[in-house]
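K.L.:
As they're listed, the protein sequences go chains Z and S. Heads up: the first sequence is residues -7 to 329, going by my numbering. Heads up: the second sequence is residues 32 to 426, going by my numbering.
Hints may contain errors.
As the list claims (entries may be wrong) - Covered stretches of chain S (chain Z as the covering partner; in silico rule of three or more C-beta atoms under 8 Å from a C-beta of chain Z):
#	region
1	96 to 103
2	129 to 137
3	241 to 250
4	367 to 376
Calculated from the structure, these hints are not laboratory results. Ideal Cβ placement from N, Cα and C applies to all residues, glycine included.
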Amino acid sequence: MIGRTLVRIATAAALLTPALALAGPTLDAIKSKGVLRCGVHTGLAGFSAPDAKGDWTGIDAEFCKAVATAIVGDPKKVEYVPTNTQNRFTVLQSGEVDILSRNTTWTATRDSTLGAVFLGTWFYDGQGFMVPKKIGVTKASELDGATVCVLPGTTTELNLADYFRSKGMSFKPVVVAELAQLTQAFFSGRCDVFTTDISGLASTRLTAPNKDDYLILPDAISKEPLGPLVRRGDWEFFTIAKWTLFGLIEAEEYGVTSENVEKMKAESKDPAVQRMLGASGDIGKGLGLDNDWLVRVIKAVGNYGEIYKRNIEPLGLERGLNAQWRDGGLMYAPPIR
Amino acid sequence: MARRRSDVRTADPLRVLSNERTRGIVWQLLLLAAVVGVGWYLFDNTQHNLAQRQIRVGFDFLGREAGFEIAEARIAYSPADTYGRAFLAGISNTLWVSALGIVAATLLGTLIGIGRLSTNWLVARLAGGYVEFMRNIPLLLQLFIWYGLFTELLPPVRQALAFGDLAFWSQRGLRIAWPQPHPAWQVAGWALLAGIALAIGWRHAARARQQRTGRQWPMFVPAMVLMVGLPLLAWWLSGAPTDLDRPVLKGFNFAGGLVVTPEFLALLIGLSTYTAAFIAEVVRAGIQSVDRGQGEAAMSLGLSPAQQLRLVTLPQALRVIVPPMTSQYLNLTKNSSLAVAIGYPDLVSVANTSMNQTGQAIEAIVILMAVYLAISLLISVFMNWYNARVRLVER
């Protein structure tokens, strides 16, 4: 009797304690609930934004679909949690989401002090400036004394201060937490300049009353490797998510697409493709999944190139740094073997 | 037999519990234990989870370089300063807008409160309409409206509304010509302080004389001479500088002059017009609480209407007004944290940014809570002191 009461108390205590107290709890929770909880942007075309049917599109949202497919086998089993720049890390730290896939810059501080760790680079970006054409500015060095709209709590905010300091120029920031309010302030003329990652500028420019009134300056003032991140401590989940990222890049390199993946698995004589798609070796089992995992993922969302083409090219951005390393870009996955 | 019964009484533990005093102590101890236990559980759980997730804790980040710019601050701040200094800059902005807001809301609220009691039908209805309109629209919405007015409706900086070459008003805010820095202004400032002190001294002396002899000294003219004339004299004696720092259009914006940003203006006006509606009601209730007979008695003693208000009605109304007024001041100060929605860099805005740059969420929230608690307690202490002074002394 007393024993049973103790068990009940212990169970109650275990339920009250956040699920993280156990080993590998994130992966267990995803498997048992059959859903991956994914922190995304509140709405940034090309990265994560809900479409007319309420389904999330964009490369960051699609990465979550890929991880969900790898673990629970279905790209629809994702619960999207929209976050802004100010609450994104807290949402991850507190366990409200399993993964944060929200055009977030990979830096040493974030990798070391947040209790989170980046998986890799999903999109190479750089910070740029957008100005109304009518102010007649053509390069960043002409911006001395400008009023700049910037999102708070971003690397952008720090780079901006660094850039103006290093050039001995001055500026006035206008800092509003919600992107929609901030772009409204910029379009209304409260600021001379809007600054964020160049991809974000391209996406924001599409929402302008008249996009041809605005110009994205050619200067990139920083390196912004954007990538997804997960909490520290659940290394099985970390490894699966990280190799899903690499798997999608590797698939593009070897020409495996959502169209031909089954055929490639059955027919390809390339040992690298065979290993990647589980026709030989035990890569999937080593990750704690089955050997078909990457086949499933590629069938559901396509390889990195397909994801990029579907989401980023409509913004008018070329592959640039995000091309495969063989094509002069930086996308380079470690070998899957 | 009797002896045995008393033995039973002392030995029975239930008897001890039926003692009211003992029972009270036991319950209080149990409650204390429960509170301490829950507190400990929360603390321990947080510590455990922070350690588990390898999140760094501690306040040492306050000494690190902040690296982000703050649009405006009452203290000198640059991105090369520390997070600690950034927090101070945020606190200075919160205090500044709260203090000005309290003064503006009190003046406006008092006027409207008195207006509601006016015998003029139009004035009374207008004041009543203001109160109902302002206090029934959420403050956040009002802030968005003010901010929208100041950034969308005003002209761009190059077509700024000009008031001679002394002031310009555009989307970028208000630029006002301001005296060039000169030692004379400091001297005048000190003279103003001295004038205020002397005026207070004059009032004390006049009171003492009236107590002793029943005769009054004039109050208004000497006080004005001391508080206005003395600073003017000091300014004139130390060189009478009249150079103004005029705003001039240069590059992207005006340079020079005093800047009032649209964010600050929207927040200040939003906070004070909103709180004024509540203060008006407090003032109206206070004045109505004073019995009419008091005013009639004062009149029959031969006091002028101004004296009647100052010496009879107001002192009795204040004891009703001051306590709820404290709550309104506290509300205004706390509502200033809505600044974050329209981009005024108050304490919450700075704390949010710091939290995000460093990941030190718990520490930043602790600082936020401590600062707001301290400001609120200070306002309470001051208002309680003032309340004790104006409270009715019954004889």
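K.L.:
Now tell me if each hint is right for this structure.
P.N.:
Verification of the hints:
Remark: the region 96 to 103 of chain S is confirmed as covered by chain Z, as 5 of its residues place a Cβ nearer than 8 Å to a Cβ of that chain, reaching the required three. Check result for the region 129 to 137 of chain S against chain Z: violated, 0 residues qualifying (beta carbon to beta carbon below 8 Å, three or more required). Check result for the region 241 to 250 of chain S against chain Z: violated, 0 residues qualifying (beta carbon to beta carbon below 8 Å, three or more required). Under the rule that three or more residues need a Cβ within less than 8 Å of chain Z, the assignment of the region 367 to 376 of chain S holds, with 5 such residues.
Hints 2 and 3, counting from the list given before, are not met by this structure.
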